[in-house]
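Undergrad: Single-letter residue listing:
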Amino acid sequence: MVILDVRNISTTFKLRGTTLRAVNDVSFGLQKGETLGIVGESGSGKTVLCHSIMQLLPRPPADISGSALFGLQDLVSCSSKDIRNIRGNRISMVFQDPQAAFNPYLRICDQLIEPLLYHRRLSRRTAMDKVLSILEETGIPDPARRCRCYPHEFSGGMLQRAMIAMALITHPEILIADEPTTALDVTIQMQILQLLKSLQRQLSMSVIFITHNLGIVAGFCDRVLVMYAGQILESASGDDLFLHTAHPYTKALIRSVPSLHVNSGELYSIEGKPPDLTKEIKGCPFAPRCTYAQGECTEEDAAAGLVGVSHFTSCRRVLKGEISL
Amino acid sequence: MNYASRFFLLPVLCFFLISFHINCTSRTSPVDSGIKTGTLHFGNQTEPQDLDPQIVTGVPEFHILEALFEGLVILDPRTLEPLPGAARSWDITSDGLIYTFHLRSSARWSNGDPVKASDFLFSFQRILSPALGAEYAYMLYGIKNAREFNTSEISDFSRVGVSAPDDTTLVINLGKPVPYFLSLVAHHSWFPVHPATILKHGKIDTRGSAWTRPGNLIGNGPFKLTDWEVNRIISVEKNPFYWDSSEIKLSKIHFFPLENNMTEERAFRTGQLHITANLPPQKIAWYRENRPEVLRIDPYLGTYYYLVNVNKKPLDNVNVRRALSLAIDRKSLTDNLLKGGQIPAVCFTPPNAGGYSFEPTVRFDTTEARRLLAEAGYGPSNPFPSVTLLYNTSESHHLIAQAVQQMWKKYLGIDVVLLNQEWKVYLSSTQEKNYDIARMGWISDYDDPNSFLDMWVTGGGNNRTGWSNSAYDSLIELASITNNKEIRFGHFRKAESILLSELPVIPVYFYTNVYLLHPSVKGWEPNLLNIHNYKFISLE
Amino acid sequence: MKKPEPDNIAGNSLWKDATRRFTANRLAMAGLIILSVLVILCILAPLVAPWSVDVQNLSLGASAPGPGHLLGTDILGRDLFSRILYGGQISFAVGLCATLVSVLIGVSWGAVAGWAGGRTDAVMMRIVDMAYAFPFTIFVIILMVFFERSLLLLFAAIGAVEWLTMARIVRGQVMSLKSREFIDAAKGLGLSNTRIIIRHVLPNIAGPVIVYATLTVPAVMLLEAFLSFLGLGVQPPASSWGILIREGAEAMEEYPWLLIFPGTVLSITLFSLNFVGDGLRDAFDPRSSKE
Amino acid sequence: MITFITRRLFFQTVPSLFLIVTVAFFLIRLAPGGPFASEKSISPEVLKQLNTHYGLDKPILVQYTDYLKNVVRGDLGPSFKYPGRNVTELIAEAFPVSLELGVYALLFAILAGIGAGLLAASKPGGARDYLSTILSTSGICIPSFVLGPLLVLLFGLKLGLVNVSGWSSASDRILPSLSLGMVYVAYIARLTRGGLLETMVQDYIRTARAKGIPESTVMIKHALRGALLPVVSFLGPAAAGLITGSFVVETIFSIPGLGRFFVTAAFNRDYTMIMGTVIFYAIVIIFFNTLVDITQALLDPRLRSKLNEKA
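Protein chains in written order, with the working numbering: chain A, 1 to 325; chain B, 326 to 865; chain C, 866 to 1156; chain D, 1157 to 1467.
Hints were generated in silico from the structure; no laboratory data involved. There could be a bad hint or two in this list.
[Unchecked claim] Listed next, the stretches of chain D that the computed footprint assigns to chain C, with coverage defined by at least 3 CB atoms under 8 Å from CB atoms of chain C: (1) 1170-1176; (2) 1385-1397.
[What the hints assert, rightly or not] Every beta carbon over 10 Å from chain C, so not counted as near; a handful from chain D, in silico: (3) G1190; (4) D1213; (5) V1218; (6) K1225; (7) N1242; (8) A1342; (9) D1456.
[Stated by the list, open to error] Think about it this way: if two alpha-carbon atoms lie no more than 25 Å apart in a straight line, the pair counts; the simulated SDA-like pairs of lysine to any residue are: (10) B:K656 - C:V920; (11) B:K734 - B:G766; (12) A:K14 - D:D1285; (13) B:K758 - D:K1196.
The C-beta atom is built at its ideal place from N, Cα and C for all residues, glycine as well.
Only chain A is shown next, with the shape it has when bound in the complex (with noise of 0.2 Å):
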């Protein structure tokens, strides 16, 4: 069951006089229970497009136009008093750096506490009580304790755990996680991406999960879309990604991997740079920085079609068969 139906959402910055465009076209599925992994560069529009879908950016500057179904209510032109009842109740959102995105001034109680006090409309006490359970199921130690601290008393990690039971607090339909291990250590990463997963089945949520990572993605995410300057080149699920790889961008990123597995001596990076989201791009995005491209992926729009069940590529040539990756 698709719980959020996503069509065709275009976000673009107006700037003095110039336009940019952060998000192209992008459509998308989201099935209950479902962990939908967006992986792209910095820059290629994961953030912006979470970000439009929950009202996040200002408007203007920037300009959405699309749908984003949740429900019977598209979340893109809802009104804000209806999209305030879904952030933070239905739809929970864990940011990238939990340094910044705790408020500094604020106790992590006083912050932890107030999805409750403005969805559930609960009391101080009852709500506290809440608190300090769901920081004992993320592994908070001694949380009655540690929620009266301020957020540069804790450790990045307990941090990132606790913005988890901020997120999940409210018990949401969908949980929105961009780039939730980014900043952390790599040990530390794991046990956040575990009790992600834990908490996802005891709550059976969906999850949407942003990140350039594509190791994180190989374990975690039942599907993944691919993102280069604002549009999906490919979107397969989990295992297809990475044994049927449809996508020569997809290629390069698997490629640009580190691997313990392998020992050539280089580390692969892609060349050249992403487009400028300022001018209109014709054609494949990637095209310029293919090794596979050829005339025709400049001069013709881009192309979309299936390579194999809910498997979608947008370059032409491995949907013409003539290469293969």
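Since chain A is already given, all that's left is putting chains B, C and D on it; use the hints.
TA: Chains B, C and D in isolation, oriented as in the chain A frame:
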């Protein structure tokens, strides 16, 4: 968001509305209620230094002391002729050296004690005591040996020429005749103080004891002190023990220290004051036009003038000084700038000082001015060096200085630099003769030309010009020992003509006293000394 | 909001970038143009002014605006328009120079104190507290009396007073910056303190400093008027806007134009300064730009 | 926190007071014109008597040590200008008035300033932003010696709502507080706006929004606290400035406050009165600065833990 800013802005608004509302509930102006209750609301410039008549020096202090004390004589509010005060009558010996005052047996202090002649002796001893440091002690120097006692040359007060043969007789022996003596005696430095009160709060010569506080202060005047809040108000009310209390029409006087004359004017306009001390010059035209009944312009015994440092080149040249004086268009200054009925100075002593008037001598004549300047050797080939015009910080001084600067530039081609100094700096600059030309003003404490002319004698404390003229000195000396009015004035006339031909001082204009007076105040007579005895004043 | 600005990766384009952003800001540009016009008019006063500054007409006195005198005349019958132009010379000079003095002293003092912390900070801020607590009237009187009275000294005196608040603000900013991550990062990289202050701290406090500086200019202009009021500022017949406004305030009921015109000119100047200040801040600090 | 305050009191306040007293004492004596200079010249004998009476004939170092001893004993000496009063008494009478005026003005400046700042920052670049910027900036453009009389003209003379001068009824507080506080409204509004804009782009604001809490709560609870730090550090000098800088307003409205004493004492060369007010103002200022530091620590937990570490 709107909510957020409302959170902060609403209280501000509420505060406004509430406080305005509180105030909107019926108001009658103090002036109107004052008329009913006989309470005079008096704009009195500054907070008084003290209420000790033997220490204070200022005009605002005098306005209050006049209510609290009474001297041997008081001055007629219109003519300034001496009238009986604490003394019911007096005799003067024909040589003018011995004054015998007969005190009223009915005179009482505000606590009921009789006012005795010995109280006056005590008071004179007090003000002349060196340790008190009374700045106005010199007002009593006419008394034989008073100066000597004050400067510690003698220490036995009985040698000073005052005595009290009985409780109601006071004899004052002068060293030499002082024709304006009775005018001096009306000054607050001659006021009696209550010995028992002084001695209760200190010694006879203790400076600044608590005897002047409300509750402590005992006076012999028509009113007694009831309230003194610093920088807020001083209140006095009718003194039932005053010998003439049945004649007193006012029941209370409130003195307000309103330093800013704009504030004072606004207070008058909204009915908070019956009388102001001043009126800002720019307001005069409006009042003249719209409310002439409240505008008062009284002549005042004072001269505004420029001091010239005669030791400095090129001002040591008398022709230069004459040229500078001739090039000032005084009428234009008084008519266009001051607008307060001030009289262009035609001589140094203001007209009718103690009956003395000098013939018009000072003129405005640019041709003559240029001629004299050329005669002094200045012209296109030898340009006049730059001189500085010093004045102390005040709106009117700086306007006048700028206008005079322009006149000298226009008529004489002289460049004058203006120098504006803070009051005390300015005083020390003039005292140390560290100036070229400086603005000055002199307001007399008593009604006699002597006040204006004796300060220019060689080495006089107020003669900060460096000017010295032996003929002038001897004329002033001669006048001081002459009792005959006409002969005396003759000496003064000669002296003043020397002064005006030498011009160590360039007179500019004669002061007037410009203020606002509510029509309900009766008996407020214009006079040269700005003395208004509250005895004669009523509210109707 | 984080906005992708792909071209801004190179750090050395800060100035070029700032210029671009500033010129794109219409209000700031309008402010800058108005300011420039005013400054040029004032500098060219001897050429532009219809009347010489010291021409008086006592019998005319204060006259309302009319054909002969565009903005009317003052109590001495001097042309107000000309006086405003000449007064502007001094107001601008005092405002800009004194502000510069205060910014220079204040920023370096505050940055060093906030950065060094501990004992140094305590000592330096105690000096600021003491200077605050000091009766500045007397300080200025002494300065003005003991030394040759000059405009230069006026700048120094005012600047020396105005830097205190600047120092406190900068110190506060630096202290909170110090606890941010990127400073730790810079320290970790082994950069010297001076280098961190110049490269990382100062650019980050530019915003508050510029804002406060644009507030200091008017404060300085009015302080100059207050000083003149005490007889310690500009000597008549020279004048400044502050003096003109003060003179106008005394006669606001009788001769309102004496207050309105200088007041308007000063207000326009201050508003322009504000817009320019905002523009500058936004130009240097894209994060806080108007969105 | 308590250790912090006591440390501050003993190790910083006392030495800085001592320094202020010393510098002020000698600077004042350097200014030309003595306390007894007057237009009508005083005879040298009287001057000598006066100098002896106030101990001004002693060598300056002796005067200095005498003065210090008296101050430590809490005796600020007699006023030269007002011979019947001593300085402590005058300050005790006038300061509460200045304090009251200053507190009202500060309250007004804080409420109106933060309100205007919030309004401006809520929609930067919008009409409200410009309106509140213009209103608050006009506060800086209009000095108190213009604003005071203007307000009096409007509310006192034209509308007759309040008295034009004095300090007796409650409504007498309104116009002076407005005239005095107006300048600071602009400063606080601009600092608030700047601080808010700076804060509103922080990640934690986005977090707060993502929690779905109302925008006003985001502003007041989450953004304002960080945004107010620069405002708070400005409040120390502002409070001190309001309480010590009320001379003009006190004169215009004829308010019996300390500001008038302070300035007139300087012009009168009333040495003891100047020294008294200097010491007193120094204490007031140090007090407010300490208060600001404490408030800052209360607002910013990171700063607080630093202070605790030090103590």
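Undergrad: According to the definition I'm using, a residue is off the interface if its beta carbon is farther than 10 Å from all beta carbons of the partner; does N1242 (chain D) meet that for chain C?
TA: Check passes; 19 Å lies beyond 10 Å.
Undergrad: Compare the distance between the alpha carbons of K656 (chain B) and V920 (chain C) with 25 Å, and conclude whether the hinted pair is satisfied.
TA: Within the cut-off at roughly 19 Å; holds.
Undergrad: Against chain C, does D1213 (chain D) keep a CB gap of more than 10 Å to every residue?
TA: Holds, because the least Cβ-Cβ distance between D1213 (chain D) and chain C comes to about 23 Å, which exceeds 10 Å.
Undergrad: Against chain C, does A1342 (chain D) keep a CB gap of more than 10 Å to every residue?
TA: 7 Å, violated
Undergrad: Checking C-beta pairs, does the stretch 1385-1397 of chain D have three or more residues closer than 8 Å to chain C?
TA: With 7 residues in contact (Cβ-Cβ under 8 Å with chain C), the coverage given for the stretch 1385-1397 of chain D holds.
Undergrad: A cut-off of 10 Å on Cβ-Cβ distance, and V1218 (chain D) was said to be off the interface with chain C. Does that hold?
TA: Holds: least Cβ distance 22 Å, greater than 10 Å.
Undergrad: Against the 25 Å threshold, does the CA-CA distance of K758 (chain B) and K1196 (chain D) hold or violate the hint?
TA: 15 Å, holds
Undergrad: Beyond 10 Å from chain C, beta-carbon-wise, is K1225 (chain D)?
TA: Holds, since 22 Å exceeds 10 Å.
Undergrad: Compute the least Cβ-Cβ separation between D1456 (chain D) and chain C, then decide whether it is above 10 Å.
TA: 7 Å, violated
Undergrad: Non-interface claim for G1190 (chain D): all C-beta distances to chain C beyond 10 Å?
TA: Nearest chain C Cβ is 14 Å from G1190 (chain D), so the label holds.
Undergrad: Is K734 (chain B) within 25 Å of G766 (chain B), Cα to Cα?
TA: 24 Å, holds
Undergrad: Can you take a look at whether the stretch 1170-1176 of chain D is actually covered by chain C? Rule is 3+ residues, C-beta closer than 8 Å.
TA: holds (count 4)
Comparing the model with each numbered hint stated earlier shows that hints 8 and 9 do not hold.
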